[in-house]
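Q: What follows is each chain in one-letter form.
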Amino acid sequence: MALTIQRHMTFDVPWLPGKTVTIWNVDAKIVFQAKGKPVLAKLTTPMTQSGYTQISQNATSPGYGLSFINQKSSPQTQWSIRKATGKQTLYYHIQLGVMDKQSDLPITQMPSIEEQAKSNRGALASKAIIAVANETSADANSFTTELLKMLNAKNKNQNISTLISRKKSKIELLTFLLNEAKIPNKRVGVLRLKDGRRNQHLIQMIEVYQKNSNNVITKKLYDADHIQSVDRTGLLIWDESNRSLLDITGGYKSKVSFAMIKEDAHALAPIIQNIKHNQLFDFSIHSLLIEDQALFKGILMIPLGVLIVVIMRILIGIGTSGTFMPVLIAMAFVQTSLITGLIGFILIVGVGLVIRSYLSQLNLLLVSRISTVIIMVILLIALFGVLAFKLGLTEGLKMTFFPMIILSWTIERMSVLWEEEGPKEVLTQGGGSLLIAVLTYFAMSNDIMRHLMFNFIGLQFVVMSFVLSLGTYTGYRLLELRRFKPLADKE
Amino acid sequence: MFFTSPFKLKSKGVMGMNQRNCAYINRYNPREFYPLVDNKLKTKLIAKEANITTPALLGVITMQAQVAHIEQYIKNDKGFVIKPAKGSGGKGILVITKIEQGRYYKSNGKEVEISEIQRHVTNILSGLFSLCGSIDVAIVEALIQFDNAFEGFSFEGVPDIRVIVFMGFPIMAMMRLSTAASDGKANLHQGAIGVGIDITTGKAINAVQFDLPVSHHPDTNKVLRELQVPKWSRLIRLAASCYEMCNLGYLGADMVLDKEHGPMLLELNARPGLAIQIANSQGILTRLKLIESLGKEHNMNIDERVVFSKKNFSIQP
Ligand SMILES: Nc1ncnc2c1ncn2[C@@H]1O[C@H](COP(=O)(O)OP(=O)(O)O)[C@@H](O)[C@H]1O
Ligand SMILES: [Mg+2]
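Chains P and S supply the protein sequences, listed in that same order. The numbering of the first sequence is the working numbering, which starts it at 1 and goes up by one. The numbering of the second sequence is the working numbering, which starts it at 1 and goes up by one.
These are calculated hints, taken from the structure and not from any lab test. Wrong hints could be hidden among the right ones.
To be verified - Quick list of in silico lysine to aspartate or glutamate cross-link-like pairs, EDC-like style, CA-CA up to 20 angstroms:
#1 K424(P) x D211(S)
#2 K231(S) x D198(S)
#3 K485(P) x D211(S)
As the list claims (entries may be wrong) - On the chain S side, residues computed to face chain P include the following (Cβ under 7 angstroms):
#4 F3
#5 T4
#6 V14
#7 M17
#8 C22
#9 A23
#10 Q72
#11 I74
#12 P213
#13 I278
#14 S281
Where is the CB? At the ideal position from N, CA and C, for every residue including glycine.
Given the sequences, and given the hints that come with them, work out the whole structure.
A: Next up, the structure:
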């Protein structure tokens, strides 16, 4: 506790998130195989843009020469080395402060329209589409909307279908059509900022420019799957270069992925922290790479979940199947989002129970039965994933986050319970576990809790002392007050 | 109101689960003696050494290979019981009450195929019923013919008597009567009836099913208050002597009353449940505190301890 207070006092780490400035720490991680020759890697980095101020940027890369090139159109970070072999990993780190006021710099120049390679095939089709869109639209934005309507229609018209089959993706086609129609546009790579995420990638989107009657240029952001323009909050436009994100010579099999983490600090702190507190923070989790920090942000929430289970068992008296199973399920929920997770869990366990009841007729030994259930669960997850994808529910793919071994044990236990005590007991125990899992989920995904647990390591000890003191609690459990009621009411 | 107040419970001396675990089980039951009671086979062996009668052991099946020859253990014509050595809460107990021309019948009259029995034993061996699924052995035991005094009180099953023995003193007792719901077994959470039994006289005090008071047996309509356990003094003395045998301070002894052999020990429990308080409509804490106040150096032998209990824990005048 004292440690926590001390951290608040000396480092000004605020108690609550939100009251302060939000800072995004984003790491870009470049992985590639070097060929044993000189390597030159250029990574496009974000421009100043509305909604964010850049606080700092740096890069780590053992042995590499480093330079930040600040061209007008696109800043770049450049790494170079005389000779490198084997797998190489480079990190670029940027710290961005979130600004409340969305104010775009005035745009002075329209992006140039790319000349299309002339080809006869498809030219007619694209002409036809543009003509249709032109008819129903007044300006560049409504034109884009019209195009997107056609692209995303359930029954696509003949012309669109021919073109889609020739282009790699919808977004390619959209760019092509906008260019054909001479509408100024720009392809951008966008990062969706979500706290504690790792292994993220840029999403391709299109900016469409338009000049109004007062000669003011505005732009709007579109992705190819939605008809309306995209709301820019929570999005960071990383790559506006119109070139490739990563340009590498002397390496192959290159990959860029992003990790990010949210941090809340006093309005002044970002600047001070950079200069002064840097060393002070050095031994904390904050000195780790963002990717690892994001990992920790998840792990540090687990004690909270454990605490809830302990409270539920010792103070309330709710039984669960498998003591800490609810925590693991809650962690899966954090990844999948609650509703998807709940549906997925119930589906898998439900279908699993049905199949398991068939297995029980086979007279298998316990180990092989559990193993069969594990394989079955994996197949089920795969099946549901594919089914959901075919139905257009990308959410379904998230089921892979479920801890499969735990699920299998759950199914096994529940089915034994079913055979011995009947479905009622299965429902109460399963329901109890799910209830606790949901509660734990809410605690673990709560922003304030995340903030506190991550920034104040001391709280871990507070949680621990709670758990310890609950271990010596000898009073009644809540449900016992009900159980022993007939006894108390006697006489 | 849905809940009662904790102060009311406290004033009645009712013990909760946390207190049981923390202040009694953890303090008075040393870990190293658990295996003796958690394994029914070991319990039987030490009971034999201590001259405490238990139901006759017909055989032990330890390997899958023995399952095919199961009939050699169960030829006994009076009926038998197969149970997992490490089972608890009535799980995995198969009671065969009648054998006629090589066919087996459960207490409810249903026939059980020999292949079903074999499958049951396989399940026991693979650890389906044991705590945390560790491999197990199956015990074949002679069927207990329960005493005529219990006729009509128990439905299709042998009633047993749970005695809580604290530091060798019998503290509280409860008879458990099986019902149609509990399927020939006398475990409370499976639907058996718990009848609080007076330590001094062996007479019924109060009865509960699923933690709620009942006055009649739901299947036989017998009035439960009329229950009187015969040979009570011998039974309670036997229960008290289990303390010396297993060294557990806070102990639940499951006793049965056989027609021919009298009181016998069925099994021991290191973590006896709390429902016995509801069945007796009495908190157990006051009694535990009284024994604790005696200290360690009271030097009483078994008979003196039983007398002390009978004197202090009587409810009826
Ligand atoms: N040898 C037996 N003869 C008849 N019934 C028995 C026998 N053994 C057990 N039972 C029945 O099964 C119930 C549970 O047996 P027990 O040995 O106490 O196992 P558990 O540890 O699962 O409670 C007893 O209350 C009794 O009704
Ligand atoms: Mg028992």
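Q: Evaluate each hint against the coordinates.
A: Right, here's what the structure says about each hint:
For the suggested pair K424(P) and D211(S), the alpha carbons sit about 17 angstroms apart, so the restraint of at most 20 angstroms is met. At roughly 13 angstroms between alpha-carbon atoms, K231(S) and D198(S) fall within 20 angstroms of each other, so this suggested pair holds. Distance restraint check for K485(P) and D211(S): the Cα-Cα separation of roughly 10 angstroms lies within the 20 angstroms cut-off, and the hinted pair is therefore satisfied. Checking F3(S) against chain P by beta carbon gives a least distance of about 4 angstroms; that is within 7 angstroms, so the hint holds.
Look at T4(S): its Cβ gets to within about 4 angstroms of chain P, closer than 7 angstroms, so that hint holds up. Hint status for V14(S) relative to chain P: holds, with the closest Cβ pair at about 5 angstroms, below 7 angstroms. Annotation: M17(S) was flagged as interfacial toward chain P, and the flag holds, the nearest CB pair being 6 angstroms apart, inside 7 angstroms. A hinted interface residue such as C22(S) counts as satisfied when its beta carbon comes closer than 7 angstroms to some beta carbon of chain P; here the least separation is about 5 angstroms, so the hint holds.
Against a cut-off of 7 angstroms between C-beta atoms, the interface hint on A23(S) holds, since the closest Cβ of chain P lies about 6 angstroms away. Interface hint at Q72(S): violated, since its Cβ lies 21 angstroms from the closest Cβ of chain P, which is beyond the 7 angstroms cut-off. Taking 7 angstroms as the C-beta contact cut-off toward chain P, the hint placing I74(S) at the interface is violated, the least distance being around 19 angstroms. Using the Cβ-Cβ criterion of 7 angstroms, the hint placing P213(S) at the interface with chain P is satisfied: the shortest such distance is roughly 6 angstroms.
At a threshold of 7 angstroms, the smallest CB-CB gap from I278(S) to chain P is about 5 angstroms, leaving the interface hint in force. For S281(S), the interface hint holds, since its Cβ comes within 7 angstroms of a Cβ in chain P; the closest pair sits about 5 angstroms apart.
Consistency with the previously given hints fails for numbers 10 and 11, ordered from lowest to highest.
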